[in-house]
Each structure stands twice: as C-alpha cells, then as structure tokens.
Amino acid sequence: MKRLALLICALLSLLLAPVAAFAHKPSDSYLTIRGDSGSADFAVRWDIALRDLDYVLELDRDGNGQLTWGEVRTRADDITKYATGHLELSADGKACEWQTAGPMQLDHHSDGTYAVLSLQARCGNLVNGLAMKYSLLFDVDPTHRGLVQWIAPGGLASQPLVFSKDSDRQALELKAPSAWETLRQYIVEGVWHIWLGYDHILFLLSLLLPAVLVREKSHWEPATSLKRSLIEVLKVVTAFTLAHSVTLSLAVLGFVSLPSRFVESTIAASIIFAALNNLRGSIEKKRWVMAFAFGLIHGFGFASALADLGLPKGALALALVGFNLGVEVGQMAIVSAFVPVAFWLRTTTFYRRWFMPIGSIVIALVALYWFAQRAFDFQGPF
Amino acid sequence: MTPSKALALALLSGLLSALSPAVAAPFTPSTDAEVVERLPSTTNDPSVRRVDSLRKQLAARPDDVQLRLEIARRYFDMAMAQGDPRYVGYATAAIGPLDKLAPNDASFWLVRGLLEQYSHDFPNALKSLVKSSQLDPNAPEPVAWRAAIDMVQARYDDALGECTRLVPLADPIYAQGCTAYLKATTGHLKEAYDALSVDLASEKDVPPEARLWILTRLAEMSIRMQRPDEAEKNFKLALQSGVTDQFLLGAYSDFLLSQKRAGEVMTMLKDWERSDILLLRLALAGKMAGDSRAKGWADQLRDRFDAAMLRGDRLHEQEAARFELDVEGNAKKALDYASRNYTSQREPRDAEILLRSALAANNPKAAEPALDWLKLSGYEDPALASLAAQIATSGAKK
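Here the protein sequences come in this chain order: A and B.
Note that the working numbering gives residue 87 to position 87 of the first sequence, counting from 1, and the numbers run on in steps of one.
Note that the working numbering gives residue 305 to position 305 of the second sequence, counting from 1, and the numbers run on in steps of one.
Mixed in with the good hints, there may be bad ones.
As the list claims (entries may be wrong) - Straight line, CA to CA, 27 Å or less: simulated DSS-like cross-link-like pairs of lysine-lysine:
# : chain 1 : residue 1 : chain 2 : residue 2
1 : B       : LYS260    : B       : LYS270
2 : B       : LYS233    : B       : LYS270
3 : B       : LYS100    : A       : LYS133
4 : B       : LYS56     : A       : LYS165
5 : B       : LYS100    : B       : LYS127
6 : A       : LYS165    : A       : LYS133
7 : B       : LYS127    : A       : LYS165
8 : A       : LYS165    : B       : LYS100
If you are wondering where the hints come from, they were derived from the structure by calculation, not from laboratory data.
With these hints in hand, go ahead and build the complete structure from the sequences.
Shown next, in the form of structure tokens:
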C-alpha cells in the first residue's frame, strides 16, 4: 500500500506538471524523395536515428552504451535491409525495386546522430500514380513518425508529408508545382503584403510627397520638369528597394536576426521621421539616403512576413525572389498611381500649402500611434 | 525595373542558389573507433538493463500479460523521470495487444490511461481510467489521475468528486493534498494553504515525493499570497527532499526570474539543457542577464519547437507561447500558441500565458476564455488580476 501510495503521489505531481514530460524529442525519421523528369527512378535520402536502429538491431555489440563508427558501419547491410523492408514505393500496383545509391553515412540532427541511407527506387509504369507505404518502427514505437519531403519530377519546391501509424499509406502527387507556379504564388504574397502592410505604403508616400516639389528658401516650389521629379522618385524607390532586398535576404537566410518588437517600432519611427522631415525639409537633397537607411529596417519586417507564410525547402531562393518581386510590383503600383496625380497637382497652392504638410502630419500621427503601441505595448482605442 | 535593380536581383538569386545546396551535408567518420552516438543504456543504469532483459523475455512469451504490463510501466516511469518521449512510444507498443489479450485487466486500463493523458488525449484517458476503477474499485491510482486531469482541464466539481473518492483508498495526505490544491484554485487560497501546512507538519511518514509535491504547491500559493520569503522557504525545503523534479526546478526558476535573480537560475540549471521546460528558463535567464550563452539556448529551443511542429506535435504549446512572447518578442505567434493550448489545457499558467499574449498582441477578445475562467473559478492571484484589469481597460476602449 505504501509503495503504491508513493507512486500515486509521484505520478500526481508529474501529471500536474504535464510539461515536465517531454524533454527529448520523440522518434522521427527524415526522408527526402526526389523524382527526375523523364524517368521512373526516385532518389531517396533517408535519415534514421542511430538510437532507434540500436533499439531494433542491437548495434551496440559490446553493450558499453557507446556506438562507434565501426559498430555502425559493419551493420550497414542489415540497416539498409531493415529500412527498405519497412518502406514501399509502388507504381501501378507493383512495388518499386530498391537499390543502394551510395555508402551509408551519418548526419547530426537536434536529438543525436542519424544514419543516412542513399537509395534509389526503380519503378515501372507511373501512369496510374505513385504510392508510398511506411512502416518503420511502428511495431516498437507507435508514436514514431516518418517526415517526408517529396519533390515531384521536374519540381523545385518540396511538399511535406507526415507518415504515422494511422496514416501509413499515402499517394505521392506526381504533378509538380512548376517553378513558375511557386514564383507566382510568392509574387502574389509580396504584392498583398505591401497592400495590407500600411506602414510600408505610408513610409513610401512620405518620401514621395515632396518628390514633385523643390525646396526654395525654406518653402516648397513646384518642380520645373517631370524628368526631374521622376529621377527623384526613381532614386528614392531604388534605394528603398535595394536596402530592403538586402536585409530581407540576410534575415531569411538566417545570417542576421533582430527582435521583432525593435523592428516594428523602428519601422513606425521611420515613418514619423520621414513625414516630419517634409515639414522642416532638413533632408531634401538626399532623401534617397534616408530611404536606404530605413529600407534596411523595413527589410526585416518583410522577412518576418515571409517567414509567417512558410518557406519551401529547396525553393527558398525562388520564394525570396518572388516575394521581393511582389513587393516591387506592389510598390510600383503605388508609385505610378500617386506620382502623376501629385505632379499634376504640384503647381496648386492646395498641394503645397495643405495637402503636403497636413498629409505629412496625419501620417506622422498615425505612425506615432503605431510606435507607442509597438514600443511600449500601449493598448490604444483601435 | 532599373538595370541596377535587375543586376542586384540577379546577383542575389545567384548567391542564394549557391547557398542552398550547402545545407546539411552528411559525413563519414575517419576511423572505426570514433564514437558516433551515446546511447541511454549505459551499463551502470540498472533500470534500462532490467527493461531490456524483460523485452528479451517477451520475445519468447509474447502473450504474457503481466510481463507486457511491467515493461510498459517501467518505460512509462523512465519517461517521467528522464523526460524522454521515446519511452512512452515503447510503453504504448508493449500494451498494444492487451485490448485483445486482457480487456478485463484493471492495470491495463490504468497504464493505457496514463499513456493517453501523456499525449494529451484527455477524453480517452478519462474513459480508460474509469474503466480501470470499475474493474478494481479499490485502486487509488486511477482516481488520483482522474483528479489531476480534471484539474488540468478546470473541471473543479469533477475533481472534488475524485478527491473525495480518494479518502478511503489511500494515505490521508493524498486526499488532503488533492482537496487543498483544488480549494486553493477555487477561491479559498489562504484557508487551503493553512490546512495543507498543518497536514504536512502533523503527518509523520510523508514519503519524499509527496513532501516535494506539497511543498511546491505551498510555495506557489505563497507567491500568490504575496509572501515571497515564505515561498523561498518552501521551495528550499522542497529542493532538500532529495528527489529530482523538473517541475519543481521550473517553478523555482520562474520565482527567481520574477525577482530578477537570473544568475541563480543559470547556476541551478546548468546541466538541464536537455529538458525543454528548463531550457526555456535558461533562455529567459540568459536573456535577462545578457549572458553570452543566451543566443545558443534560444537557437536550441527554436530547433526543438520547429521539429515538434514538423511532426504535428501539440505537446509544447504553453512553452512555445512563452518562448515566442518572452524570447522572440513575437506577440502574434505567442497568442496563436497560447490560444490553441488553452483549448485542451486550462491550468492557471495556461491562462496566464493566454492573458499575457492577448495583451501584448492587443487582442483582448482572444483573452476571453481565460477571463471567464478567472471569474468563474474565483482563482486568487494578484498577477492574473492585474493582467485581467489591463485587458478590461483596453477592451473597454475598443
């Protein structure tokens, strides 16, 4: 009775701390299956934890708790046989034939060392599609998962599939989303982000408002030529684009990362600064420098938006370029709608005396509100 | 597009495509003697060796119900002690055939219930535990576990029923602990604290695990009563009970962090990186102290949460929410995690992270389930009350 009671309490305490229960990782294996256009062969890279292989194949021959490369290497055939016995690719109702494509290697994952198998599946007729049945380790660990990255023949982006005991048989879609499809998808996302992320629009507008004017003796005069205005616009937009492209890429590739609160607050601050500058005109000739400097920060904002969308493995570059292009297209749409109207209105007193200063003040106020929200967790009425 | 932009983009894409294949290259060790992996089954771990030998016996006697149950139970206890979810998988496999071999065995349904609650399948866990009690009405364990699940899911009337049922089945301290924890959560904090302190002092042979559990609860109650010195004293006593418990270490770390004592947290947890919940505390402490290891801890945690997401695990959501909010500073993501977590787990700290994320994300509506719970339960905690008040102010302005 006492032992039992003791046990209950231990259990009770642990249950009431359910979070205490999962320090290590559950068992997963990682597969990359890649098709080749014009061929019925599939290249498979399969990473299986040495610890799992030891559990079923007893690799640790001397039982000292340490696996040496020798202990693993000499069992390579057993490992391959065990693995391919639990994975079946089939086309047209017939199992594809397994071949070894290279010697077994190793790789590190977050929870230890994995054996890396390089295999080739030779399939027959693909007309009726391709199916996969996965059954590795389910008999000894039903919580095991096979995490598959599937790259269809001719495809660039991979499609993630999760195989579990309850879903051990799935079809592999042979029609790849083409590179163009992936690119198009991210271009659309980029355009949407510019249109829905008002902060980037407002920043750009604050820089563009004075582009059709020139500063003469502390007040604004209409620009004399369209060409001059367009060059001004071009300089600002190009500087902004270059800057945010650089930081977007660096952030997405994981070279640089900044806390999102800092990024979001600084973006708001950049709008305040740009808008107020229109009133004082202290930076008039070198607005492109300002566009470049703050563009660097806006790039981090784009990066977190892109990360929220999810990045396709294998087509990271495509996603990045597509998203960036989308952002450009969205930006260009704003510029080409705004600049002609502004140029047309530039000679009016309304534009110079009212629209520009009051517009700038409104933009600055909105951005100030955002800044307070983002930097100090201020809970506003909106 | 200007030529310069086109050029820049071309350069960029060139750079990117050059970088992509560099990810994750496998390797071949240079000598056979190189140690490539350390297994948990070291020769000096008797529990691992014992269960290994039981497994070998099972190969010869696959229909031995008692053997299967013992293996499952041992693996489950190992999972709890070491926090390794693979053992839960092994335990599940061990009892796999028992719903056919031993459908009327109370222990089978108990173990099955334990494994189900581990993977947060609470409805099925409760069913299994009820079945276990029907088959063996005198067993205290299924009752205690049902009480615990009811508490996690904030069904306090049900929990009270189970605590009462526990009285004739086990040592009085368990029913007392069960009831006090329930009362402290439902508006009788001080009363429960005093009663449990007296119970603990008057009982002579309280097993160390029970002592630890009760002292941890008392410490948490002291914090809520704004008696930090008493909390410290209770935590210290719990640490001296001689039992290692990640939850105690986590709760004490949170207390230290709330007092800005990050250095002590980093010293106490220096060998605990393998535990997710304690790694989170290390990352928080490292960030608070500006420690050079903070980035490494945060990177490790990010990897683990990403891996869990990949396999579709939903076990880490409370920690993931705290990580997003307090380490990454991403309120929106934190709120996503906290909201999803709150659909299955409704303990006070699940409510707390939901309130904090909703506030940070400026989304008072998302906090409603936690606010409702706070009102209905009568839970007393100045920290939660202040969060609720802040949300009410911002919500009123909306």
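So, going through the hints one by one against the coordinates:
no.: 1; hint: LYS260(B) <-> LYS270(B); verdict: holds, 18 Å
no.: 2; hint: LYS233(B) <-> LYS270(B); verdict: holds, 22 Å
no.: 3; hint: LYS100(B) <-> LYS133(A); verdict: holds, 26 Å
no.: 4; hint: LYS56(B) <-> LYS165(A); verdict: holds, 24 Å
no.: 5; hint: LYS100(B) <-> LYS127(B); verdict: holds, 17 Å
no.: 6; hint: LYS165(A) <-> LYS133(A); verdict: holds, 10 Å
no.: 7; hint: LYS127(B) <-> LYS165(A); verdict: holds, 22 Å
no.: 8; hint: LYS165(A) <-> LYS100(B); verdict: holds, 19 Å
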